[in-house]
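*Asks:* Protein chains in written order, with the working numbering: chain A, 2 to 250; chain B, 2 to 250; chain C, 2 to 250; chain D, 2 to 250; chain E, 2 to 250; chain F, 2 to 250.
Just so you know, the hints here were simulated from the structure itself, not pulled from any lab data. A few of these clues could be false.
It does not matter which identical chain is used: a pair holds within one copy or between any two.
[As the list claims (entries may be wrong)] Calculated lysine-lysine pairs in the DSSO-like style (CA-CA distance at most 27 Å, straight line):
no.	residue 1	residue 2
1	Lys236	Lys130
2	Lys239	Lys226
3	Lys177	Lys221
4	Lys134	Lys177
This one's a predicted model, so the numbers in the text were calculated from it and none came from an experiment.
Given next are the chains, with one letter for each unit.
Protein chains: 6
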Amino acid sequence: MQRPIRINVINGNTFEPMTQGIDESAQAACFPGTEVVTTQPKAGPQSLECYYDEYLAIPGILEQIILANHDFDAFVIACWGDPGLEAAREITTKPVIGIAEASMYVANMLAARWGVVTTQHRTLDIIEKTIYKAGFAHRCVSIRTTGLAVIETETARQATIDALEQVGRLAITEDKVEALCLGCAGMSRLDVELEQRLEVPVIDAVAAAVKLAEALVGLKKQTSKALTYQFPGIKPIKGFPEHMQPPFC
Amino acid sequence: MQRPIRINVINGNTFEPMTQGIDESAQAACFPGTEVVTTQPKAGPQSLECYYDEYLAIPGILEQIILANHDFDAFVIACWGDPGLEAAREITTKPVIGIAEASMYVANMLAARWGVVTTQHRTLDIIEKTIYKAGFAHRCVSIRTTGLAVIETETARQATIDALEQVGRLAITEDKVEALCLGCAGMSRLDVELEQRLEVPVIDAVAAAVKLAEALVGLKKQTSKALTYQFPGIKPIKGFPEHMQPPFC
Amino acid sequence: MQRPIRINVINGNTFEPMTQGIDESAQAACFPGTEVVTTQPKAGPQSLECYYDEYLAIPGILEQIILANHDFDAFVIACWGDPGLEAAREITTKPVIGIAEASMYVANMLAARWGVVTTQHRTLDIIEKTIYKAGFAHRCVSIRTTGLAVIETETARQATIDALEQVGRLAITEDKVEALCLGCAGMSRLDVELEQRLEVPVIDAVAAAVKLAEALVGLKKQTSKALTYQFPGIKPIKGFPEHMQPPFC
Amino acid sequence: MQRPIRINVINGNTFEPMTQGIDESAQAACFPGTEVVTTQPKAGPQSLECYYDEYLAIPGILEQIILANHDFDAFVIACWGDPGLEAAREITTKPVIGIAEASMYVANMLAARWGVVTTQHRTLDIIEKTIYKAGFAHRCVSIRTTGLAVIETETARQATIDALEQVGRLAITEDKVEALCLGCAGMSRLDVELEQRLEVPVIDAVAAAVKLAEALVGLKKQTSKALTYQFPGIKPIKGFPEHMQPPFC
Amino acid sequence: MQRPIRINVINGNTFEPMTQGIDESAQAACFPGTEVVTTQPKAGPQSLECYYDEYLAIPGILEQIILANHDFDAFVIACWGDPGLEAAREITTKPVIGIAEASMYVANMLAARWGVVTTQHRTLDIIEKTIYKAGFAHRCVSIRTTGLAVIETETARQATIDALEQVGRLAITEDKVEALCLGCAGMSRLDVELEQRLEVPVIDAVAAAVKLAEALVGLKKQTSKALTYQFPGIKPIKGFPEHMQPPFC
Amino acid sequence: MQRPIRINVINGNTFEPMTQGIDESAQAACFPGTEVVTTQPKAGPQSLECYYDEYLAIPGILEQIILANHDFDAFVIACWGDPGLEAAREITTKPVIGIAEASMYVANMLAARWGVVTTQHRTLDIIEKTIYKAGFAHRCVSIRTTGLAVIETETARQATIDALEQVGRLAITEDKVEALCLGCAGMSRLDVELEQRLEVPVIDAVAAAVKLAEALVGLKKQTSKALTYQFPGIKPIKGFPEHMQPPFC
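If we strip away everything but chain A, and leave its shape as in the complex, we get:
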């Protein structure tokens, strides 16, 4: 009998209700033969809404991977913006998937032109750069923000979904998107309701990443250790605990 696929989904922030929400989405998305554990960093911001938040979250995200490396077959970083993704690929041979890239790939497979709807207005640049870096400036034709905070995706769920419907509708009518990516891990599980309201595919980024993680594990592929994603070289890293000191191989 086949051993289950074990996936560690790591919430990018330290907001416990969001970790639970992400976990619900991940559990619902995975195949019966998959075990998902959702965790959150020991340290880091309550929500990631700017570059400062992102960069302060990354060491904690990476620590999760280091600590859990032997217990899982793949890792998912659950924050749109994919904080620390390249570094995560250095410290493990297990596949690591970002929810932003995962949802963009899914969007590409469902629609010719898509958009992203997300929270705070100020994240426009983070979203835009994430898409540009991925190479999808010609596929993503709309980025729209509600102005609500990340934590409101959990604490003001109704307001969040209504606001997403509103900006999503503008994305459809004004920008002619054919599918929408939910640009925040906190928006997990809103896809079904929004699909009914908007009548275009709406992509839950966490669910998308969990499925792609299963796919990579199923393919028995591991992260390349050829050049860029080699294990970090041995060197002292001041102020960080022993388990975060290289080597990791």
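Got chain A; can you put chains B, C, D, E and F on it based on the hints?
*Replies:* Frame of chain A; chains B, C, D, E and F shown alone:
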């Protein structure tokens, strides 16, 4: 108990041994709860090695989808170049995945810089345009060809793998790739042997696409019918059989 | 005395009135010393308005070239989207010109910023990808659609021209285009009237392609047979008539 | 009876033998019903081999157009780099074609991948920027220089053609080009000999531009006066003769 | 004691009041230890508002550099569009800075997304191409024009600043810019007032270029003479004075 | 009398000898009226040679800015790769300059085509992405690595300079670069010696950034607080000291 996921993998050409080879790869890649059926078009070239071959293969590929639409949850088009992919998305609501896009997404998740190794020298432009169209000109740093024919991937398997090793090694040493996409459906199942020889991830495009098809079905997502991928409008299509006349909805 | 230049213009669809309309445009555009014959495929859709239509039209378009190869000096594929263009270049040494590329080149030589106006809303992606593939995303600043059907360009000519004027005016005032490409072969001969109404150059794509075909023949240039556009290799192509089996050289 | 098309080809430099060479190429390329007159600026460098040369040549090139505006139907600027092209389009309604853009369009219609071969090594950047600006960075895969001077294209014709063959052969074998643009007006009429030696299409840029000029005149199109290419506004231009003072309309 | 840095700012046009305005801005911007002299070409247009103006200005701009080469440590070309910049780098080893590039670099260092506000509507293309050429199409998200003339930046200063405020506000609210480049040398010194009105950084292009000139001189760097910016080769340049004949080294 | 400009240069790593080396370079580069203080993070890796190193260094870099915000007019982040740059711009209104962007701007102003030479082979991707993100893929034509470690730039200085000469020479002869960026803060002050050996401009990234910092302060410009670089919102950041908790305004 969950109904199995049913995937129809469609070989792009009409070479029966390759259809079998593709099927072996697809069966090996899928989860236990997935049923894969591999078919080939009734009409079309024995192998796809130029634009003429590709365009003559497409109607037959699309016909397969039309005929099998109600029996499957997703379709895979098994030819690197993804012939007819956009049209396929118009004629069904089921997800349709091309093996080129699937393997590029997998490569992106495993390595910072990757390459494609494939058959005939003349396909360089088809490969290059496929990558440019996908948006990955900055991720794909090498395209190398063996000069062998597509059917030789089945009829001269040893020569094929040796030639792939040779050009793959140049891709690693000269172009600094960190992973390799096998740019032909006929190369299915060569990934394991090549990974051992080359020590970088080697991606079987058919297997990659089957896994992404499972992922999309698992996500319960369907192709957007919002604008581009609407069902084809009703109109006479001269010289084509009744079942290929729209509407398909 | 110089032998006349003989050009075969191939309507992409099987709608006889459009073939006639295209022919009128082509005859009006060519030099006295040029003979133009306009034909249409034996098989294929009545109009090309989506990817499915395009791909089903291509074999019939290619067949026209194969059958007429010895009787002409150049070929024009008369459908914006240039269906099958690369394959056409493989099966003949004669220059083959697509009306989309031709009109874009002409637009570039007349204006710094131009746009495309065309029929059905759903063709937006086909148009956009055609421009992106050509490399002119920085020159084309507007794509606008009337929502009318392709056959209406012949059957509802007045409505078509009025609708084109309306979206063309928006392209000028909102998007600041300086010239307009008529993005459908059915719009041939509307350029003069629209130029008077809109006061910017309006480009009849068929006429543009005929002139570029004359130019290439005049230059005595033939399609390169060096790598990509070599003649298709010999192989069985199931379900296609004898005359469509390679080799063609 | 139709009035002949009158084209003024303007050599970018002031080297009389090159003006004659360009004229021979232009005369050979045009249709019987076309009259070509080749001129050169009154002032400017003997050859254009760097940005300084180009910029000093432009006022003289523009003056030619101003003086001859009423006598011709179209203008060709005969220097690869298309010096002053946008300004030329401002001062006349007649089509103005640059030989670089013309030869790139012709190359695109003949081959999937092409290259440029030209003179001095230092012009690499001018050539590269010309291609990037045109949008063809994905079509041009090779730029190679002989190191010879522009005037040697006339004074050392045998050495020039041998050197072009040599770098052209490298472009074919190393860079996999399928056609070559001759990147200097002085190389006019070398295309036939080089095609025989290299067996790929070789494009005489002057001939290409003359044919495109005929095409645009045949289409009865004029340069857009909508925004960018409006006539220059009236204002004093110090140090320039009366006939170079706006307005020109 | 350190010798002062000597910078020659060259107004691109021949409008004396603008030369004075530019000088004021340059004097205000430079460090105490810097000497700035602002000059204007002997010949050329009163203002640069189209490509024709630009190209007629360039020889005069280059002449200024040739004449003053031994008296200065760096040169600034004060016209947004950076006319003649590459040629200027050929004729001297001293750093030459264009005000467009300088202000774009400064904008990049202050804001994630910026825009350009400038004068005549017709300059849209010049501005756009300048940004595209620099590589900043992904950073510049807005170009807006007032419709006023360049000389009005001096003669109708109040109207100019009010119009800039108006289009600048639209750039902020509609296009979401975070900083604005003043896209005309005549707008020098309007940055302070506009910053107060608009509450985003507003960049005086002349001041920006003077500071970068000081920086390059301070770094003791000189223009590369390796390939592109070698000194122009020796050759007769007809109709130009002795001092404009190469060599310049 | 003018108050001196105070710049805080922050070494990205915690290797004290490199902090000293950077300081020497920064002191040598600044104007007499500038005070430079070079510091290093309290925590972080000894050298930054991979993404893991970079991300673990960023919180410490940002902390330096927070602590020193009131004592300086501008900040320089001294690591090629510009770690944390966007976040740094959020937490202060003072200009923050990365040494990678600074040296690329300087390279653009000195040469048409430039390259980067740096340390470990594995950093190729970090360098490449930094350039792509900046928009300079068309200006940077070479990235070459010595294979030496970052700390060897201090501990094996002779070997470093010899290796840099070697790869730099290949960049000149093979890739035709006209200037070189030293792609590591540890290479500061090697520019003079390398310029003598290689005869092209060689850019000390630290010096470049210090000069641009002076320039921005001299312009009296501050980082935009309009959208992206607003101060981080107030929220708990677990595991970080009080002084790293927002708000910072």
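*Asks:* Look at each hint and say if it fits the structure.
*Replies:* Verification of the supplied hints:
Taking identical chains as interchangeable, the C-alpha atoms of Lys236 and Lys130 lie at most 27 Å apart only when they sit on different chains, with a minimum of 24 Å there against 31 Å within one chain. Taking CA atoms no more than 27 Å apart as the test, Lys239 paired with Lys226 passes inside one copy only; the shortest distance there is 25 Å, against 33 Å between copies. With identical chains, the CA atoms of Lys177 and Lys221 are at most 27 Å apart between copies only, with a shortest distance of 23 Å across copies and 38 Å within one. Proximity of Lys134 and Lys177 under a CA criterion of 27 Å is satisfied in both settings, with 23 Å inside one chain copy and 20 Å between copies.
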